[in-house]
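There are 2 protein chains.
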Amino acid sequence: MTTDTRDKIIELAQEAIATRGYSAFSFRGLAADLGIKSASIHYHFPTKTHLGVEVARAYRNQLQQAFDSIAVTYESDPQKAIESLIAVYRYEARTSQRMTVCTMLGAEIKNLPVEIQTEMASFYALNIDWLKQQFIKLGDEPEVAREKACQLFALLQGALMGAKGQQNPDYFDVVTKAAALFF
Amino acid sequence: MTTDTRDKIIELAQEAIATRGYSAFSFRGLAADLGIKSASIHYHFPTKTHLGVEVARAYRNQLQQAFDSIAVTYESDPQKAIESLIAVYRYEARTSQRMTVCTMLGAEIKNLPVEIQTEMASFYALNIDWLKQQFIKLGDEPEVAREKACQLFALLQGALMGAKGQQNPDYFDVVTKAAALFF
DNA sequence: GCTCACCTATCTAGTGATAGATAGGCTTGA
DNA sequence: TCAAGCCTATCTATCACTAGATAGGTGAGC
Chain A
1 MTTDTRDKII ELAQEAIATR GYSAFSFRGL AADLGIKSAS IHYHFPTKTH
51 LGVEVARAYR NQLQQAFDSI AVTYESDPQK AIESLIAVYR YEARTSQRMT
101 VCTMLGAEIK NLPVEIQTEM ASFYALNIDW LKQQFIKLGD EPEVAREKAC
151 QLFALLQGAL MGAKGQQNPD YFDVVTKAAA LFF
Chain B
1 MTTDTRDKII ELAQEAIATR GYSAFSFRGL AADLGIKSAS IHYHFPTKTH
51 LGVEVARAYR NQLQQAFDSI AVTYESDPQK AIESLIAVYR YEARTSQRMT
101 VCTMLGAEIK NLPVEIQTEM ASFYALNIDW LKQQFIKLGD EPEVAREKAC
151 QLFALLQGAL MGAKGQQNPD YFDVVTKAAA LFF
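Residue numbers (my numbering), protein chains in the order written: chain A, 1 to 183; chain B, 1 to 183.
Treat the hints as calculated values from the structure; they're not laboratory data. Predicted model only: the values in this text are computed from it and were never measured. Note that CB positions come from ideal geometry on N, CA and C, so glycine has one too. Take the hints with a grain of salt, since some may be wrong.
Said to hold, decoys possible - In the EDC-like style, the derived pairs of lysine to aspartate or glutamate whose C-alpha atoms are separated by at most 20 Å in a straight line are: (1) A:K177 <-> B:E141; (2) B:K177 <-> A:E141; (3) A:K110 <-> B:E15; (4) A:K110 <-> B:E92; (5) B:K177 <-> A:D7; (6) A:K177 <-> B:D129; (7) B:K110 <-> B:E54; (8) B:K110 <-> A:E15; (9) B:K110 <-> A:E92; (10) B:K177 <-> A:D33; (11) A:K177 <-> A:E92; (12) A:K110 <-> B:E11; (13) B:K177 <-> A:E15; (14) A:K177 <-> B:D140; (15) A:K110 <-> B:D33; (16) B:K110 <-> A:D170; (17) B:K177 <-> A:E147; (18) B:K137 <-> B:E75; (19) B:K80 <-> B:E11; (20) A:K48 <-> A:E92; (21) B:K110 <-> A:E11; (22) A:K177 <-> B:E143; (23) B:K110 <-> A:D33; (24) B:K37 <-> B:E15; (25) A:K110 <-> B:D170; (26) A:K177 <-> B:E147; (27) B:K177 <-> B:E83; (28) A:K80 <-> A:D4; (29) A:K137 <-> A:E147; (30) A:K37 <-> A:D7.
Stated by the list, open to error - Away from chain B, derived, C-beta distances all over 12 Å, residues of chain A: (31) L34; (32) A39; (33) G106; (34) A154.
Stated by the list, open to error - Computed footprint of chain A on chain B, listed as stretches where at least three residues anywhere in the stretch have a Cβ under 8 Å from a Cβ of chain A: (35) 7-21; (36) 99-112; (37) 117-131; (38) 152-160; (39) 165-175.
Given these sequences and hints, build the entire structure.
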């Protein structure tokens, strides 16, 4: 067991990035939450960039798993699959008053180490490609499917962002009603 | 004339917030860009919070002016008015690789002084109320108009955010094609 | 079964850089 | 003359990061 301290650090860092942003979270803050010293975090992650990259990777894996799981469950019903993804994001908007790591890091991108900027690209690709596949299953031409995927993902990000910016989770529901327009 | 240094500070701060975020811009950085010392910025704005609030207010005024100007120009054509607003955001997405102050501060809201959080609320209200008015003019019932306004605004924010997160301005255009769905 | 060497995970104590903020002085123009 | 505008110099807090020490565990060789 390579300790679960490492995992806890990633988990807390992910939470911190999602709520306050990359430049606003600190090793000291994380350490305080964990009840250890910041030097101990440096033992697991030599630099903040290293930790940031690991958080991004972990989040990407979670996302990938969610996609796989949904795609299996609703293999023959792409519309339900999409609605199920929206429910996942809805859960994030409701339970924690935070944004996804993807959205947060996207906003901050100009202020991120290049290593993390690189990871960012795959977030968008993952979401958009998956949505595109669902629309293709629903009978759309690839190019149309891609456009719809971009549009729906933008709607989702805007919904998440607005729910947080206004501190009003209901906003997410109002906005995602518009998802119906894509079917 | 209460100097234009003050105005320049607000302008540069706005630019900095829109590109890198509130917590990532500094008095020293601004001062360096202006060719003065950080102490001189404190002369104009006693604290970072004061400056932040002024930036928010200034941005809100610009937004209000843009709304007024568009509403007058396209008074009898609300659809054109909305398309004109999209063009404004499009310009922001294209020319500078930055986000609007509203979107950026919205993402960071959990990390902002309360004074600025308060200003934030008016950004959303301003955008959504204005859009709502246009939809009402187009014949929608108030409640429907409000929902459409939220949805379209979320789409715009998502478009802006995605264009930046992927460093691809074309994304904005692909996404905002979906605005047609609202007419 | 013991010991020596190494590893893991943490600590204390500090580095230099930078943050926001302040006190007090110089300069210039009305 | 005096105040607006900017300065130098400094403070305190915090940042990421490092060095060196320590305590406990693991494993190999005798």
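Has the given pair, K110 (chain B) with D170 (chain A), been kept, meaning a C-alpha gap of at most 20 Å?
-> Since the Cα atoms of K110 (chain B) and D170 (chain A) sit roughly 18 Å apart, the hinted pair holds (cutoff 20 Å).
Are the Cα positions of K177 (chain B) and E15 (chain A) separated by 20 Å at most?
-> Measuring from Cα to Cα gives roughly 34 Å; hence the hint is violated.
Is it true that the CA of K80 (chain B) sits at most 20 Å from the CA of E11 (chain B)?
-> violated, 29 Å
For the pair supplied as a hint, K110 (chain B) and D33 (chain A), is the alpha-carbon distance within the 20 Å limit?
-> Within the cut-off at roughly 17 Å; holds.
Just checking, A154 (chain A) versus chain B, shortest CB gap more than 12 Å?
-> violated, 3 Å
Chain B versus L34 (chain A) - minimum CB to CB distance exceeding 12 Å, so not interface = holds, 20 Å
Do three or more residues from the segment 152-160 of chain B put their C-beta atoms closer than 8 Å to C-beta atoms of chain A?
-> holds (count 7)
Are the Cα positions of K177 (chain A) and E92 (chain A) separated by 20 Å at most?
-> Distance ~17 Å between K177 (chain A) and E92 (chain A) Cα, so the pair holds.
Are K177 (chain A) and D140 (chain B) close enough, with their CA atoms no more than 20 Å apart?
-> holds, 16 Å
Is the straight-line distance between the alpha-carbon of K177 (chain B) and that of E83 (chain B) 20 Å or less?
-> Distance ~10 Å between K177 (chain B) and E83 (chain B) Cα, so the pair holds.
For the pair supplied as a hint, K110 (chain A) and D33 (chain B), is the alpha-carbon distance within the 20 Å limit?
-> holds, 18 Å
Hey, K177 (chain B) versus D7 (chain A), does the alpha-carbon distance stay inside 20 Å?
-> Not OK: K177 (chain B) and D7 (chain A) at ~42 Å, beyond 20 Å, violated.
Checked against the numbered hints above, the structure violates hints 5, 10, 13, 19, 20, 28, 33, 34; every other hint is satisfied.
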